[in-house]
Each structure stands twice: as structure tokens, then as C-alpha cells.
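Enquirer: Following the hints, put chain B in place on chain A, whose structure we already have.
So the protein lines, in turn, are chains A and B.
Sequence positions in the first sequence follow my numbering and run 1 to 279.
Sequence positions in the second sequence follow my numbering and run 1 to 311.
Because the hints were derived from the structure by calculation, they are not lab data.
Using N, Cα and C, we set each Cβ at its ideal position, and we do this for glycine too.
Hints should not be assumed to be uniformly reliable.
Stated by the list, open to error - Here are some of the chain B residues that sit facing chain A, going by a computed Cβ distance under 10 angstroms:
1. D242
2. A287
3. S290
4. D297
Here is how the chains run, residue by residue.
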Amino acid sequence: MAALEKSFDSGLHSEQLSGRTQQTFFSAAEEENFVYPYNAFKVERDKKAEFDAQDLDSNAINLKIRTLMNEGHGHIVVKNPRAKHSIGVGILNRLTLDFEGSLGYFGCGLIDGPNIHISGRVGWSFAENMMAGTIVVEKNAGSTFGAAIRGGDLVCKGDVGSRTGIDMKGGTIIVGGRTGTLTGFMMQRGRMIILGDAGPNLGDSMYDGTIFVGGKIDSLGVDAVKGEMTDLEGRWIERKLALYGLEAPKGAAKLQKIVAGKQLWNYDNLEPTEKKIVL
Amino acid sequence: MCGIAGIIHRGNPGNIGGEITSMLRSLKHRGPDSTGLAVYGIPGENQYVMRFKVAEQEDISKGFDIHQQIKDKREKVNSRLKELGVEILSEDEATEYAFRYTIRYDGDLHHMADYIEDIDGTEIMSLGQALELIKDLGDADVVSTQYGLGNFVGSHAIGHSRMATESDVDIRSAHPYWAYPFNDVAVVHNGQLTNYWNWRRDLEHRGHRFMSNCDSELIAVYLADKMNQNIGLEKAMHDSLDELDGVFTYVVATSDKLGMAKDFMAAKPMVLYESDDFVALASEEVAIRSIFPHEIDTFDPYEGEVRVWQL
Chain A
1 MAALEKSFDS GLHSEQLSGR TQQTFFSAAE EENFVYPYNA FKVERDKKAE
51 FDAQDLDSNA INLKIRTLMN EGHGHIVVKN PRAKHSIGVG ILNRLTLDFE
101 GSLGYFGCGL IDGPNIHISG RVGWSFAENM MAGTIVVEKN AGSTFGAAIR
151 GGDLVCKGDV GSRTGIDMKG GTIIVGGRTG TLTGFMMQRG RMIILGDAGP
201 NLGDSMYDGT IFVGGKIDSL GVDAVKGEMT DLEGRWIERK LALYGLEAPK
251 GAAKLQKIVA GKQLWNYDNL EPTEKKIVL
Chain B
1 MCGIAGIIHR GNPGNIGGEI TSMLRSLKHR GPDSTGLAVY GIPGENQYVM
51 RFKVAEQEDI SKGFDIHQQI KDKREKVNSR LKELGVEILS EDEATEYAFR
101 YTIRYDGDLH HMADYIEDID GTEIMSLGQA LELIKDLGDA DVVSTQYGLG
151 NFVGSHAIGH SRMATESDVD IRSAHPYWAY PFNDVAVVHN GQLTNYWNWR
201 RDLEHRGHRF MSNCDSELIA VYLADKMNQN IGLEKAMHDS LDELDGVFTY
251 VVATSDKLGM AKDFMAAKPM VLYESDDFVA LASEEVAIRS IFPHEIDTFD
301 PYEGEVRVWQ L
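Only chain A is shown next, with the shape it has when bound in the complex (with noise of 0.2 angstroms):
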């Protein structure tokens, strides 16, 4: 407290700060806050278009969606996907989305809003910076699953790779098989929820944000220690899982609840050169 008290004494809460240090608090009367100024659409709930993907390359796959959404249809399905990179990205608008197939790389990256369906498997850095909305995957999913997510539910049905919710800030990510190493890698909100197995250096480095496990772990990483289920938690898992068709086979009681142990923590709103006067 004396520290606090002391940088508020040192003006570092009052005076103009710029560059890195500047920061925007969110207010709620500020009408701004909820609606994007660009690139949103205003769409139709039932309003529903479908496309055939094979013989589009992955800019008019994109640019597709995006006549659709203009065009104010509120369900687009897109059908042969084939795999292609970084299709279903920054659509910051309500939309109904299924994909009949696979989708690459950096897939449904940077969205806020709408809810997508993925009949089949998802490549890398899926989902990346995702803000709100809910994603669902029916089969596997590559490394960097859900990485950085702000918000939003993520769900993989299937298997996914490594470094699952690397930097996650926010969020819930759900994979119903295993998942590799270095999940949680350098976490700091949110919460996942593994069922099967966890890889190597579950939660390594980890700031803040709790993980739940259901199957064996491997090794925790640095500063990851294991929790204590709430009644709480555990009902809160049962209700997100049975949203998404999935139990955890043991009970949700039953999953492991791991979390950062703070002793690397030093996350806060002070520059390492405020630290010093502070300090």
C-alpha cells in the first residue's frame, strides 16, 4: 500500500502520459463502445445465402461473405472450403457462419460477434485475437489454437495441437480430445477446459486465468500450480459443456483446476522505469 500511495505521491496517476504508457479506460455511457464504426453490417437473423467455395481463392471466399453481410443476410453457409488460409476473418458483426468442410491457417481471426460452425478441421493460429461470439469445430484443430482470444466461447470437439490459448486474455476455449505442449503458454485472463489429455508444460509462465483438465497431464510449466474446484466452477463447467453437446466423462467435479502460482507475476499498469521510483 505504502508503494501505491507513494507513485500516486509521484504524480504517476494524474499527469499526461503518452506513448506506451497511455491508457483508455472503457466507459458504458459511451454509446461508441458498442458499435464499430467501420465494417459492421446490420443483417437478418433469418435471411440465409450459401456458396460454393472450391474454385474461389481465400480474398474472394472473404470479400464473398462480406457482399452477403452487405446484402443483409444473417446466415451465410459456405460449402468446399478445402483447407484454404485465413478464410472467416474480422467479421465484427452478428452472423450465423457454417462452414461445410475444412478451413487452413489463421481461420476466423479477429472477429467480435458472430457464430461460426466448422463441420471439419481447423489449421493453425485458429480463431487468433477472437472478441466475442462462439466458434465450434467438429474434428481436430492445429497449434495456436484460440490464441490471444479476448472473448467469446471456442470450442474443438476434437484433438488439437500445441500452445492451445497462448497469451489467451479473455474467453472460454473447450477442446473435448487432448491438447500439446505449451498450452496456456503465458495465459492471462479467461478459462479453458480440457477434457482429454494435457502435453508438456501445461500453463507455462502463466499471469492469470484458470485451466481445467479432465484427463492426464503431462508436466505443468513454470509457475502453473494446481487449484482447488469450486462447487461453483464445477457448475459453471456442466452448464458451458452441455451448451456444446459435451460432459466431462468423470464429472466436471472431477477435472483438475490449474492456475499461475504469481510467484513470476508482475503484470501490472507500471512502466519498469515508474517501477524504479515507486520501488
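Expert: For chain B alone, kept in the frame of chain A given last:
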């Protein structure tokens, strides 16, 4: 980056030349500098296929007498083969500087390879009963067309599209690498080895030869060294995960096997498809889908994983 791919026909031989070309075409964005293919044809009875080059592609635009030099070197190769008692059954000239010979020879292949490579600028790219290793500058379509691989029939193949990072853009730094002196063994690799020079010094002391400064060549030589010690392919690949440092995924092919290994950091991608009569693997799923029109299920191998498939 770099893209790697491999396919096996578990039943009857198929058009592996066309298929691996199609897969590498889909991976062109991972590396446009050079393309290489190791294709395994139907072995001829008591004969070998030798692919070799006597100059680099870039040499063709240099010097006044490069064409005569190439001619002289090829004549020297022919003369040395004759001297060793090698019977040349056929000679094909894919390019002015790269050749394909079918030969018959009962002697020491290791000695023969050393004697041919002793000719300045000459490199045997592959020597085997089934293996034919082709690599050159350009994308998959350019190389495949140049060397007439579009309809090559065989049992399995591996390929590589290269983005040069730590060695030159030339044929000697292009993949695949032949695991000299073992006939029919070839390797493609995506990644970086960080203990390359330690291992290279060690392997050179044990008599192995290196033709480039490319770290991928080391994997081929490393596996050759293990096989020289009568260590099986799968065990050698498991050993490589412990002994080679860096981030890597590689694919190795022998006359009757195809294998893949992924390091413990799992930072280099690989996607697999397996069915009763077909195995396909590639850095990206889009490459596998380029040869399968129907919907398929694929998966990623995990960190520290080694898989070997028998034909």
C-alpha cells in the same frame, strides 16, 4: 518457412510425380526459391539409377567456356564409370547440367560415388534402385516440367519447397538430401538446427561428406551415420529428437518406408492423412486436399512424435 510433403501408395503404384507436384504447388507460398522431389519408381532388376549434376544452374550464365566445361566433366564422369567397370544402360539429359543414368554395377557403390564426386563441381544427388532425386531452382511446376515428372509412376515420394534462410539459393542447398552413401534414402526438412556445427564436425571426423552448408543435409548424414551403426530407421529418428537441437519437422523416405519426426517444441507444422491404401503428409492441409477431391479427416502429430509407415 519451407514446405514439406510426402505420399505413399500402399497398394498399387500410382502417379506419384503428378501428386507430389500438385502438393508442392499448393505449398509454393512457403518457399519459392527452389523445389526438390525424391520419387521412388519401380526398381529395375540388378540396376541403379544415378542422378547427378556437374554445375549449378547459375553457372550457365557465367564464363566463356562453361558449356565446354560441362561437356568435359560429363566425359570425365563417363570415363571414370568405365574405368570402374560400370555398365551404363541409359543416359538422359534433363538439363544441360543435370543427368540421369541407369547403370549396372556389382562393385562398391560408396567408392564409386566418392570417385565420381572427386570430379570438381560434380555431385551425385541420388543413387539407388528405386530413388530418383531431382532438385532445381524454381517452383514445383517449373522443376516438374523441366525434369518430366508429371507422369512418374511409383510407390512413394517426398518433396520440398524452399525458402532459403541460412544458406544459399542454389541446387546444392536445395532439398531433398540423399543420405550418402545409403542408396534409396532421402530427407526433407522444415526448421533450423542450432547445434549444426557441433554435429557436422563430429560426423566429418567419422568420414562423412557434406556438400553444402545447409542444416537439413545434416539430418540426412546423421541418419546415414546411425544406419551405418546398424541402428534401425525408427530408433535413429527417435535418437535425433534427443540429439539434434532446434525446431524442426522432417520427413525421411527409404526404399520401403516413409517416416516423420517432430521436435519437442512442435513449432514446425505437419498435417497427416491416413487411410488403408494411402498416407499423405504435408506442412499444410491445403496440400493434401489438392490430391483428394472428397472430404477427408486429418490430424496433427504431437511434439516429440515419430511415425514410420511401411509400404
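Enquirer: All the hints need checking, so say for each whether the structure fits it.
Expert: Outcome of the hint check:
{"no.": "1", "hint": "D242", "result": "14 angstroms, violated"}
{"no.": "2", "hint": "A287", "result": "9 angstroms, holds"}
{"no.": "3", "hint": "S290", "result": "9 angstroms, holds"}
{"no.": "4", "hint": "D297", "result": "6 angstroms, holds"}
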